[in-house]
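S.K.: Sequence:
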Amino acid sequence: MQPIDRRTALCRLAALGLTPLCLAEMASAAAVVKEIHALQPGEFTWHPERSPKGSVAVVVSLPEQLTHVYRNGIRIGVATCSTGKPGHETPTGVFTVLEKDKDHQSSTYNNAPMPNMNRLTWDGIALH
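Using our numbering, you'd call the opening residue of the sequence shown number 70 and step up by one each time.
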């Protein structure tokens, strides 16, 4: 592929309907992606002002070990996560939160504290 000059690039982008404002939005999105992938274990980003009201969905990426929080389809937060290990794999699927407990103690792991537990199944799968 041969390099193209700036004018040709701008003409091609304009033909696709990409304006300078759209390019600025793309640059902003790229900065967000860079911020997300720079997160270290235990870190998160949280921007509820992006979508202050509406239904919430949480998507866990097993390969990335990231938890994405969306409100009305707009990503408002990302956190690192630690999912299952061999023999205790994290199940995949769509889950509804069955129970919440701010001060949960594990019945499996010697009453270990598991704050902000969100139970996903009655047989022990939870976010915390």
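Don't read these hints as lab results, they were simulated from the structure.
Some hints could be false.
To be verified - Computed cross-link-like contacts, DMTMM-like style, restricted to lysine to aspartate or glutamate with a CA-CA straight-line distance of at most 20 angstroms: (1) K154 with E104; (2) K103 with E133; (3) K154 with E133; (4) K169 with D192; (5) K171 with E158.
S.K.: For every hint, state whether the structure bears it out.
M.R.: Do the hints match the structure? See the list:
no. : hint           : verdict
1   : K154 with E104 : 27 angstroms, violated
2   : K103 with E133 : 13 angstroms, holds
3   : K154 with E133 : 14 angstroms, holds
4   : K169 with D192 : 15 angstroms, holds
5   : K171 with E158 : 24 angstroms, violated
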